[in-house]
Amino acid sequence: MTKKKNEMTIDGEIQIKYKWSLGKAGERFFTELRDNKKIMGTKCRQCGRVLVPPRIFCEECFVEDMEWVEVEPKGTLMTFGDSYFSTDGKRLEEPWMLGIVRLNGSDGGLIHFIGEARPEDLQIGMPMEIVFKDKREASIMDILYFRPVKD
Amino acid sequence: MTKKKNEMTIDGEIQIKYKWSLGKAGERFFTELRDNKKIMGTKCRQCGRVLVPPRIFCEECFVEDMEWVEVEPKGTLMTFGDSYFSTDGKRLEEPWMLGIVRLNGSDGGLIHFIGEARPEDLQIGMPMEIVFKDKREASIMDILYFRPVKD
Amino acid sequence: MAKRVAIIGVGMQKFEFRKKETVEEMVFDVTRNALENSHLSKEDIDAVVFGSAVDAFCGIHNSDKVAIDASGGLLKPTMRNSTSGSTAISTPILGYTHVASGMYDLVMVVCFEKMSENESAQAVFSTVYDEAFVRPIGLNVPIQCGLEARAYINRYGITERQMAKVSVKNRGNALSNPYAQLPMKLTVEDVMKSPYLSWPVKLFDTSPVTDGARAVILASEDVARELTDDPVWVKGLGRGADSVWFMGRTNNDLGRLDYAYMAAKQAYDMAGIRDPMSEIDYAEVYDPFTYKEMQHCEALGLCPEGGAGRMIDEGISLKGGALPVNASGGLQGEGNPIGAGMSRLCWCYFQIKGQAGDCQVPKDVNTAVANGWGGMYQYNAVMVIGRD
Amino acid sequence: MAKRVAIIGVGMQKFEFRKKETVEEMVFDVTRNALENSHLSKEDIDAVVFGSAVDAFCGIHNSDKVAIDASGGLLKPTMRNSTSGSTAISTPILGYTHVASGMYDLVMVVCFEKMSENESAQAVFSTVYDEAFVRPIGLNVPIQCGLEARAYINRYGITERQMAKVSVKNRGNALSNPYAQLPMKLTVEDVMKSPYLSWPVKLFDTSPVTDGARAVILASEDVARELTDDPVWVKGLGRGADSVWFMGRTNNDLGRLDYAYMAAKQAYDMAGIRDPMSEIDYAEVYDPFTYKEMQHCEALGLCPEGGAGRMIDEGISLKGGALPVNASGGLQGEGNPIGAGMSRLCWCYFQIKGQAGDCQVPKDVNTAVANGWGGMYQYNAVMVIGRD
Ligand SMILES: [Zn+2]
Ligand SMILES: [Zn+2]
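The listed protein sequences derive, respectively, from chains A, B, C and D.
Numbering-wise, the first sequence is residues 1 to 151 according to this note's numbering.
Numbering-wise, the second sequence is residues 152 to 302 according to this note's numbering.
Numbering-wise, the third sequence is residues 303 to 690 according to this note's numbering.
Numbering-wise, the fourth sequence is residues 691 to 1078 according to this note's numbering.
Looking from chain C toward chain A, a few residues come up when the C-beta cut is under 7 Å (computed):
1) Glu433
2) Ile439
3) Gly440
4) Ala453
5) Trp501
Which chain A residues face chain C? A few, computed with CB under 8 Å, are given here:
6) Val52
7) Asp82
8) Asp88
9) Gly89
10) Ile100
11) Asp107
12) Gly109
13) Ile111
Derived DSSO-like pairs: lysine-lysine, alpha-carbon spacing no greater than 30 Å straight-line:
14) Lys19/A x Lys168/B
15) Lys710/D x Lys135/A
16) Lys19/A x Lys170/B
17) Lys188/B x Lys168/B
18) Lys344/C x Lys175/B
Hints listed in this document are in silico derivations from the structure and should not be mistaken for laboratory results.
Even for Gly, the Cβ is constructed at its ideal location relative to N, Cα and C.
Excised from the complex, chain A in its bound form (with noise of 0.2 Å):
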């Protein structure tokens, strides 16, 4: 959008550098992720609920009695969501796709990238897997993708 013509401006940034925590639960869940290529979620001894993202309490029950236990790589497609634009806007020629997924043994999920898939490929309800980055660095970006489980 065009700005308005004589206006006065001062222009300029504001920038500032962060080292976010990942926090006690996320630093097992990264480093999990990384060496071992696994999904690692907090059980609720209570409840029974696993929590992915993993957190040290249950929200519900609302203590710390909590067990990391390990989540299948695989799930389902709880919705996706398709772009033609970047995050900086850019226009793109082919789509960029993301999606929420569910995990099972897990009652919580993970929204990443979709990939080896075209937006018609897909359906709410369908069987999604992780794919693994080779090369890990205890971040989210640790998963390439989630794509359609290949029967």
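Knowing the structure of chain A, use the given hints to seat chains B, C and D with the ligands on it.
Same frame as chain A, but now just chains B, C and D with the ligands:
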């Protein structure tokens, strides 16, 4: 300060560029500063107070019944501060000084650098004057600094 | 039982893409307007509450501090609320608690957002995402809404044409709103042909980037009765907050806004409303995207759950319909300065008072509802106002 | 007349420079602690209010949204307040308005700040300055305080040694506080020899960068009486906001905090306190810098205006003095996680209840006062609590 060992972090930054509007009052103030080396205030036609920095309304009378008036580039030192650290944390040889000066002919003032003086030359209540920059660009930096008025 | 609180005036200004005024100047504009409309002076105001959703938009963090002088709050008690987009209605709720507490008789509620000072709204929005699980994948607002919209229309069988009709209605309604940024005479085909941002959300399903402010003056029951013979009461209010971990919520479905149903239930229970479809005369519903108006109409009980498509198909929410929604144009037609979405409440007030000008609906309005939505598909705030 | 509101429990955790926990984990820690101390479960909580001063510290904007699950606020009404440093006390005031409005019987107040996620506190602070008149000159926190401290000590004849004694007192008091970040046994000479940040403010006149959270549970009168035989009531509260244009204020003197005197007067009027020096038994005073404790003692009427130097010289504010101030260590000794400075209120509660452990003062405490300060020399919020 040192970071604890073994803490895992995500490194990132927030970076946002801005074009801040000077606003109705600011446009006039900074234009006069740039073009005419004048410090302008707005005078409330109801209570007679002269606001610097100027505003389009009087916050006491709560009306937009203001006229522009020129105020003196001189005034009284209300307080001052010195620091041997730059804003980005570097140790300085010479002290960096800021002062708040109440400008003559106004009920307001400005904050800016103090130059041509050492901390020991300064005291609250002394007369100060503005030194303008030669090349001005409609910014508060069109003022070089305040200095003590030379007799 | 809580004390009664009335709205006795509102302050308006035009919503625009890039206002030349500073935040302080914008706030003065609406505060003065609200005082004039209420025949009050700033000395009458006991306390001020501010609402602004995201300081990174205007790049002045703790932006409440620049608004004090201009709000009539100088050397008075002030507070600043921020609950993302739901700030639009949670801020008048904050004002309500100030008055209902018995401490203040007249409270100025000022909401403002200067969204266009920054060079990239996306850079601003990225500051709100969880840094470990979400931010790295580069989630942005269009695809964030695409994810939700797809879940919603998949669950309830809503169509893109039904969404488009909401856009046509709201932008068309805005033609009668002198404060509107984006009034447009559109057809359903125009909307359907507009480019996809993220399926099913198209350009004309969205709301613009907006600068603007709104003010609302709240009064205690005694003072309201002194000031007016026709007070508009706050009758009900509610709020709900869901988990930031939207990928692992208990209800397993982004398409169903549990937190919004909850907020509506609180508000209706407080107002003694059992059947909103018959008891609510008018609604201003938070509509940053067409499907959000539809979801919120359902959550507010203005139509059956999943029935928002039929509601627009049957013309119920049109200006001349049985239950008009966003006759002001809503966020899509009037503009979407997040926190200043309190405009939704202002228009409910105007409709009840018969002061909505060309936006006035052709029916009696005694009871109206407004809501706000925000966060990671997270917050809803609801307020019901009306005559006795 | 407002309904009565009681504090029925608080939640604590250790303040530290760089906590390993996320904001969510920090908030869970203090919420659970508050529930345990109050013998309540999260189901008992009707609403939650959050306070956090500056989102840019933790780099998660609208940080309230990550704290919901951990606060017991999931699918409940929540709100988020932010009035710079005065958030520390304006947030429990927000909680008070929630309860006093009659809408909620039990409200969880959670304040948190994770200040050390960023790599430069100065970069964060620069986001709060006016962009046209102030930000370009590179104002920073040390010199900002130097400007104010010089005006203050010039006006009232305060000395650097008197300031130093406040540092010795507070860091020394923190030795008894298990939650403290910076307990130190110092001498006045140690403080005087510490490097100047900006005359007259030296390193040991300041408070550290801190991560931490606090929780306070507020209850309506009826519920409080069910829960405890010894309720601690909110007796008075006040707030004042001055102009952001600190260089042009009406009172012409940064050294005199009109807005703080005003906030104190409101709180004392409400509490029926006419002579705070004799009626206040204990105070926790906002002390990010030594001279701020002194200014606030004066504004709160704990000593005559200009008398804070004599107050510390005469030992009145020492732990064993006639009117002890910050026996917890204050922000200087306990740590200064801006909004979580609500700890000041927590320690007033502990002193009244006789639960302050090694920090307990050797006198009866029935009435105590706490305050918070923030913005561009701008905000003060005051709360008086006590027994009947
Ligand atoms: Zn559980
Ligand atoms: Zn005037």
